[in-house]
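Construct all of the structure, not just a fragment, from the sequences and the given hints.
Residue numbers (our numbering), protein chains in the order written: chain A, 1 to 172; chain B, 1 to 101; chain C, 1 to 704; chain D, 1 to 332.
FYI, nobody ran anything at the bench for these hints, they're computed from the structure.
Note that the structure is a prediction, hence the values are computed from the model and not measured.
We treat Cβ as the ideally placed atom computed from N, Cα and C, and that holds for glycine.
Treat the hints with caution; some may be incorrect.
[Said to hold, decoys possible] Going by beta-carbon spacing under 8 Å, a handful of chain C positions derived as facing chain A:
(1) Ile505
(2) Val509
(3) Gln674
(4) Gln679
(5) Asn680
(6) Val683
(7) Leu686
(8) Val689
(9) Phe690
(10) Thr694
(11) Ile697
(12) Tyr701
Residue strings, one per chain:
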Amino acid sequence: MAEAIAFYTLAVLILGLGVAVITTPKTVHSVVFLVLNFLCVAVLYVVLRAEFLAVIQVLVYAGGIVVLYLFVVMLVNLKRAPEAHEDPRRLARLGLALSGAVLLELAGIVVYSYGRVTPASAPAAAGPLTGAGNTEELGWLLYTDYLIPFEVASVLLLVAMVGAIVLARRES
Amino acid sequence: MEITPAHYTVLSAALFSIGVIGVLVRRNVIIIFMAIELMLNAVNINLVAHARYLENLAGQVFVVFVIAVAAAEAAVGLGILLAFFRNKETVNIDEMNIMRW
Amino acid sequence: MELIWLIPVLPGIGAALNGIFGVRYFGKQTAATIACGAMGGALLLSLYAFVQLLGLEHREHLVELAQWIPPIALETASGIGAFEVPWAFRLDPLSGMMSLVVTGIGFLIHVYSVAYMDHEPRGGYVRFFCYLNLFCFFMLTLVLGSTFLVMFVGWEGVGLSSYLLIGFWYHKKSAADAGKKAFVVNRIGDFGFILGIFLVFFTFGTLDFRAVAEAAALMPVEEGAFGVISLICLLLFVGAVGKSAQIPLYVWLPDAMEGPTPVSALIHAATMVTAGVYMVARNAVLFTHAPEVMFIVAVIGVLTALMAATIGLVQTDIKRVLAYSTVSQLGYMFLATGVGAFAAGAFHLMTHAFFKALLFLGSGSVIHAMNEEQDMRRMGAMRLYMPVTFMTMGIGTLAIAGIPPFSGFFSKDEILYRTFLESRWLWALAAVTAGMTAFYMARLMFMTFWGEYRGPAWDAGHGGAQHEAHGDGDAAGDGDAHGHAWHGPHESPKIMTLPLQILAIGAIVAGFVGVPSALGGANWIHGFLEPSFVAGAAHAAEEEHHYAIEWGLMALSVLVAAGAIAFAWRLYVQRPEESERLASDFAGAHRVLTNKYYVDELYDATAVKGTMGSARGLWTVDRNVVDGAVNGTGWTTRASAWVSHVVDKYVVDGLVNLVGRICAEGSYRFRHAQTGLIQNYAVAALFGVFAFVTLYIAARYFGQ
Amino acid sequence: MLDTIVIPVLKIAVLLNAVLVAVTFMVLLERKVIAWAQSRLGPMRVGPYGVLQAIADPIKLLVKEDIRPVRADPMLFTLAPILSLVPALVVFAVVPFGGDELFYVTDINVGLLFIISVTSIGVYGIILAGWASNSKYPLLASLRASAQLISYEIAVTMTLVSVILTAGTLSMVGIVEAQQQSGLWFGFVQPVAFVLVFIGGLAETNRAPFDLPEAEQELTGGFHTEYSGMRFALFFLAEYANIIVISAVVTILFWGGWLRPFPNVEALAFLDLIPGWIWFFAKMFVFLYIFIWIRATLPRYRYDQLMRLGWKVLIPVAIGNIVLTGVVKVLL
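Have a look at this one:
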């Protein structure tokens, strides 16, 4: 019951803020909504017993990535409205329609499929994964089974850092 | 009122679709980027939810990787955006069309 | 004993150090210390190994260092065999003795060279020691190698170092030519050797000496026939002939005297040139199964001995005399092996190493004293100036002449006795040679050390006697005296005379390991070396002794030697003019001998000229026929190329251009789909997703 | 119901009120200490020795007119102070003031990470405040402030990794218990980390000598130039709440939290007569005092010096400290 309340509240918040992100005319407002959206997602992670990911979500997404967006929004100080020009050939309406269609299809598949799964075969929904929290287990997994992807990810970040510096540096 | 993975999947699909729509409809590149972040988060919700219901932490591990990739994407993407903005004074994606015939 | 691989490697390290760093950075002293230290270490190791060998039951020890050539399937006479060569070293009596000789004499010569080469500039000095160590490395590899191929590595390596050392003073044309000659002539022999190795592998499927010997022992003795073993032996003997300077390939050795004297002593007297004898002895089992080849070996040996001795009679260059003497003694050794007296041959090899090294070093000392003068006619009365050199060289001469109880007596008489048992006329030739040997050695001694001083005058004020007084001075002062002003003949420094003295002791006592039973000795070395010459556990049949014959022969040879020496005394000390007269009486013979039987000229006229002529002929053929063919081909190619060019231009290019134009037209029409609007592309991608999901649903729906 | 809702809500209410009261008295304390440092008397008029100044100030701010610039973004202008204050208060949820469950709202197993991440949200308030004001100086100040916060956040986070390595847990209570087990406050085990965290804390709370974003001389008061009245009070509250948080965190991580000195030495057991929460507040007070003391003593950094210190000194030292800690941890 409590989970249901939490889920529906968060779902409404997440979707509403998501819609706000893509509909708000002001870019800065978009960013703020995005942060709030991410915070809600983080809370959803807590509901899903992924405390570590929730904290990381806040730390990296909200505290890092979105701040970057905010910076860029401030640096990109436009003299005219950002979306003034519109190419007549763009297929926005078609895209919108297709997105809706795909969403409906997917939702149909999901509902249909899960509806056919008998409750007995579904894994127990309740109960935490572990008593002591999953940070340590996640660390073990990351540094043993997923060591190579982890290292690759670190290299990726390094490359991204170098790339960002090179790109953003003013050529003198 | 039991919350099943289906609920999370549908939530994820919906958030993903919002992201897709944002990417397809908006012309401000920054917002398009943010829409991409929304899509990534939709995927993450899916992964975490299934990690919980399948009692397998691999899903959470992948969320970590997704976050890392998102960070890299944001850094490089926004770097490119800044470089572009410096040259063309615009962030409108419809004006970024010189790579064609 | 597990460390015997270090015996060759130590000088190798020395050579590497001196070669890589030394030439640029080391001083003379450092280089000499490294080289001598390496040799000293090798000497100690081989002594230690030898002592351990004496304690071994079956007198053999194999150390396999590493795999060299991994097994390769190769065809052999008995099906497909595995061609596999390990880096293995074998210590048995023969190689033990040889390694002692090489390291012992090598060490002494290294020490000797420290002073002898002192007036070289630093770079050359270091280079010299580098080469010398390199030589020892290869020589010890040759000696200790347990397979034909490892031996061959050493074999070629000593050839290389010999070439480098003969041509050590490469700015001197004669030295460079002599090095080249040695190299080329040796190549002929090596060719035979390597053919022999091929045949050995083909026949026995292995290259290990012991395995080959054991396999050969099971094959019949090719008496009166000429089978595969004979062919192998013949080819191997060709190699030995090249390396050990036998007829017809001996011509390089006298020329090799262009190298520094320690080199002559070490390489061209004591060690390398005996490699051929060593190799034949090492394959004693093979050779005993090929009596016909044994006979050839004996004949070649005795003829070489005789011929070289006759040439030696009239040579005036002190080193050339010794060189021909070496050739002659090598002939003796081959004679010994040829008559089946392998132990005697090896024994003579060892004693010869001692006294010939001694003689060369002594002559080097004299040359050193005479300021690089090598002509005996310009020497004389040297015994007054250099008593130590005189004494030691005298011992060497007595040893080579075969005067008891010096070492040469025992070894040479062993050979003569065994030859006598085998063939009378071979013995006769050998005995004559022995007499000649005694004569020319005596002649050398008398011309050099007796008589009047005939050399150039030197600075007055520094009397020879006065100089002699501090002849034992330090090497550096001596070197200085040589570098600039020559103060007349004088005794060499201690560091040079000490090796002489040690070698002299060796030349005296080395024979006592092989005192024949006829003289009440045990002929220990004979028994000691025997395991190396038989296969497996087989023992040589106990031979019967003819003490009477042996005593007679000994007496005879001593008489001949003494007579020859006396004759020389008369000719060169008492009445020198008589030798002049003798030379003019037999002018024709004398000229032939002085010109070394015109063999060099003969080779020049036949081999060299022939090669040049045929090369020129081939060149003409090449120019007119081959080039013509090539040019004709070229013209043909050009013509056909023109035709294909035309086809290419109008037919192929036409097709290609047509395809290109079609593509261009098509892309011109289609490129408008590329609007540059990223989102349109994304919509296309999304359409793909939509299509896929729809298909999925449709498939699930209709599939059920 | 009682345990899950009522008691936590009560705890939260008490805690929030306590923090707010503490902040008002913190302001008074600062004014007094600086005055003494400068041989002045400080506030003397309201109440005995000016004690009631702590009450007078909030009242003044509350009743002041609320001014909003015409061209400011209305939504963000309102949201910014809230975004600034909320994280500062939320952090207190995981700060244990004593060993007993009574003294903390909750003890989650990612407590330290929670503090780090929630603190990082505070930067939004500053950036948005500067942006929403639609004014030149606040925008510049907010950019500076956010750059400074992010830079030092990295250094502090890196440094905290070594503390986490030492303690082996992320839980705040767990960290104190780890110190109890080892018998040694981590301040003695990780002195470098303590110094780094304290310096980083100064920078993260925009305190002297790192108070560039609020430099009156350069930026006419920083990102909250356009704010006044209660909105300004929220920023003010947030700043001082952050100072208290930093002091509390440093106390917990390095100086044993509610533990007495040398918690394993039996001879000092008489010190246990003093309850743990008093130890905690005593230690925390020392750090609050040091914060003020530094402000009274040290001059302000230049901006490039500040950045150089953060990136070229603190972060490398922090990384070195992690490596060192890891090596020692593996070796022991």
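Here is how each hint holds up against the structure:
Proximity of Ile505 (chain C) to chain A is violated relative to the hint, the smallest CB-CB distance being about 74 Å (cut-off 8 Å). Taking 8 Å as the C-beta contact cut-off toward chain A, the hint placing Val509 (chain C) at the interface is violated, the least distance being around 75 Å. With its C-beta approaching chain A no nearer than about 11 Å, Gln674 (chain C) sits outside the 8 Å limit, and its interface hint is violated. Against a cut-off of 8 Å between C-beta atoms, the interface hint on Gln679 (chain C) holds, since the closest Cβ of chain A lies about 6 Å away.
Contact between Asn680 (chain C) and chain A, as hinted, is supported at the beta carbon level, the nearest pair being about 5 Å apart and thus within 8 Å. Of the supplied interface hints, the one on Val683 (chain C) holds, with its beta-carbon coming within about 4 Å of a beta-carbon of chain A, less than 8 Å. With 8 Å as the threshold, the beta carbon of Leu686 (chain C) comes within range of chain A, its nearest partner Cβ sitting at about 5 Å, so the hint holds. With its C-beta approaching chain A no nearer than about 6 Å, Val689 (chain C) sits inside the 8 Å limit, and its interface hint holds.
Contact between Phe690 (chain C) and chain A, as hinted, is supported at the beta carbon level, the nearest pair being about 5 Å apart and thus within 8 Å. Checking Thr694 (chain C) against chain A: minimum C-beta separation of about 7 Å stays under 8 Å; hint holds. The interface hint given for Ile697 (chain C) holds, since its Cβ lies 6 Å from the closest Cβ of chain A, which is under the 8 Å cut-off. Interface restraint check for Tyr701 (chain C): the shortest CB-CB distance to chain A comes to about 10 Å, outside 8 Å, so the restraint is violated.
Figure legend: structure checked against the earlier numbered hints; hints not met, in rising order: 1, 2, 3 and 12.
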